[in-house]
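Asks: Sequence lines, in order, name chains A and B. No gaps in the numbering here: position 63 of the first sequence is 63 in the working numbering, and each next residue is one more. For any residue, its number in the working numbering is found by taking its place in the second sequence, counting from 1, and adding 297.
Please keep in mind that the hints were generated in silico from the structure rather than gathered at the bench. Just so you know, not all the hints are guaranteed correct.
[What the hints assert, rightly or not] Okay, derived cross-link-like pairs now, DSBU-like style, lysine-lysine, Cα gap no bigger than 35 Å in a straight line:
hint, chain 1, residue 1, chain 2, residue 2
1, A, K4, B, K309
2, B, K309, B, K414
3, B, K414, B, K386
4, B, K309, B, K426
5, A, K4, B, K370
6, B, K427, B, K365
7, B, K426, B, K412
8, B, K499, A, K4
9, B, K427, B, K386
10, B, K365, A, K4
11, B, K426, B, K414
12, B, K414, A, K4
13, B, K350, A, K4
14, A, K94, B, K427
15, B, K414, B, K365
16, B, K365, A, K127
17, B, K426, B, K365
18, B, K350, B, K426
19, B, K391, B, K414
20, B, K370, B, K386
21, B, K412, B, K427
22, B, K426, B, K391
23, B, K391, B, K412
24, B, K412, B, K370
25, A, K4, B, K391
26, B, K426, B, K386
27, B, K350, B, K370
[Unchecked claim] Here are a few chain A residues that face chain B, going by a calculated C-beta distance under 8 Å:
hint, residue
28, R200
29, D202
30, V205
31, M206
32, A211
33, F215
34, R217
35, P237
36, L238
[Stated by the list, open to error] The calculated label-pair distances, taken between Cβ atoms and stated as ranges, are:
hint, chain 1, residue 1, chain 2, residue 2, range
37, B, E348, A, W240, 43 to 53 Å
38, B, K499, A, A13, 17 to 27 Å
39, A, F273, B, R355, 51 to 61 Å
40, A, F273, B, G423, 51 to 61 Å
Virtual Cβ for every residue (Gly too), placed ideally from N, Cα, C.
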Amino acid sequence: MSLKLDYVLRETASNFRRNITLTLATIITVTISLTLLGAALLFGDAVDNATVRWKDGVEFIVFTDPEISPELEADIRRQLEDSPEVSGFTYIDKDEAYAEVQDLLGDSPELVEVITPERLPASFRVKPTDTLPERVDELAAAFRAQPGVARVVTASETIRAIEDLSSGLRQRVIIIAIVLLVAAAVLILNTIRMALFSRRRDIEVMKLVGATNWFIRVPFMFEGLVQGLIGGVIAIPLIWLTNNFFSVINDDVTLELLRGFTVDPSRVWTLGFQMVGLGAIVGTVGSGIAVTRFLDT
Amino acid sequence: MIRMENVTKVYKGEVLALQNASCEVQRGEFVFLVGPSGSGKSTFMRLLNKEEKPDRGRVFVAGRDIGKLPSWKVPFLRRNIGCVFQDFKLLPNKTVVQNVAFALEVIGSPRSVIKSKVPAILELVGLSKKMHNYPDELSGGEQQRVSIARAFVNRPLILLADEPTGNLDPNTSLGIMTLLDRINRTGTTVVMATHDRSIVDKMRRRVVELDRGQIVRDQSRGVYE
C-alpha cells in the first residue's frame, strides 16, 4: 500500500484549518514546556559555569614572607613548577594581592582576616591536580614547611560550601526538568487526544472502508511533527530571553556568589535546536500513541 | 460467500446477542435480516467485518475463517465489504465527491483510478449534479445515496446495510431499495438489516429472522412475518 505525500500534506493542511484552536493549544503547550525545560537546563549550565570559575580561582594560597629574598621566592616557584601534584599556579605580586584576594574571597571572612591591607604579601594561587580536600591539605602542609613561606591558606571550607550549594542546585534543576518533561509529554498527549476525539468520525470511516492502521496514523503523526516543530521554533527566542535574564542576575551585586552565572551563546543555540528536535519527537510519538487508542488492534 | 457456524456472542458476559447461530449466504444473494431491536441483527453484521469477535463458533467470509485473520489483515477484509448505515456516516466537511474519493484514497488507489471511478459511481446513484455539495445541503435520501456510492465504489464482494432506510420516508426508501437491488444484480452479495415491513414484503427476497439471538426463520422469497 502506498502512502501518498500529497494526501498526507492535504489532510494535514485541512486538519490545521479545521482544528485551529486545538492546534494553537498544542503549539502553545509545546512552546511553554520546551521553554521551561530549556531554561531549566540553561540554569543548570549557568550554575556549572559559575562554580567552575570559583573552583578554578582558589584551591590554596601560599603567602610568602614580605621580606623574602628573590632566591627563596624562585625556589618556591621552581617547586610549584616541578610538583606533579600542582597543575598550575598564578603569581600575585604585592600590588595585586589585596584587591585581587578581596575580590575573590570577599565572602570568606576567615581568608580576608588573614590578609590585612597593612601587610601585602606576594602569593602563589595554586591549582592542585587532585582537588580532594584531604589531598589539598596535605599539599598545602608541604609548602607551609618551606623557608620564606609566611602562611598557607587552604580555601577548602569555602570550596566545599560552594560545591554543596551548586550540587544541591543542580539536583533540584534536574528534578524540575524531569517533572517538566513528563508534564509536557502528558499535556501534548492530552491535547492531541482531544483533537483526535473531535475527529473520531473520520477515523471511524477510514476504518470502515479498510484503511490500514498506519495509513490512518501517519497524517496525524505528521500533524504532531509540524506542531512540535513550530512549538520548538517559537521556544528558541524565549530560551534566548531566559539567558538574557541570567545576565541581569549577574549584574546584581548582591548575588556576588553567582558571578560568572552565564552561558555561552552557542550553547543557547545548540540547546534551542535540541528543543526543536525534542518537540518534533514528542509531537510525532505523542500523536502516534494518541491515535492508537482509536484504532482497533 | 458468508458462512456462520454455531456462532455465539455475549456482550460483557451477560447480554446474549447471538446464540448458536448458523447461516450460509451464497454469492450474489440478497438477504433481509429482520427481528425486533436487540435481537442480534447488528451483531450479525459486525461479526462479518470483524468489528466484533465471536465468543464461540466460526465466521467465514469468501471461504476464509476470519477468526484466523491477523489484525493487520482486517483492513483488507473490510475492503471487500461495503457498509451502509442508518445515519449515513458521511464526513460533513467534505463534499459529495470528496466523501466518495476518500474511501479510495485511504486504501491507496492511484489518482487516475479515483478520477474515473468516482464520477461513474455518482452517476450510478444519480448524484452527478450534486458532486460538489456538502452533505448538509442534501436530503436524507441523497445522503444515503452518497453513502452507498462510497460503500460500493471499491466494488466490494459484500454490501452490508444496517437499516439503510430507517431515517427515510417510504418513497425515498423505495428509491434506495431500487439502488441496492441494482447493486445486487451486479453480483454483489447484499445483507440488509431492517424493520421496514413494506419493503421486505414488496421485494420478496430471502428473509432471516432473529429473535433474542437465535435464528428462528430462514425463508427464501419470504415476507416480514
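Asks: Which numbered hints does this structure break?
Replies: Violated hints (numbers, rising): 1, 2, 4, 6, 8, 14, 16, 17, 18, 28, 34, 35, 36, 38; every other hint is consistent with the structure.
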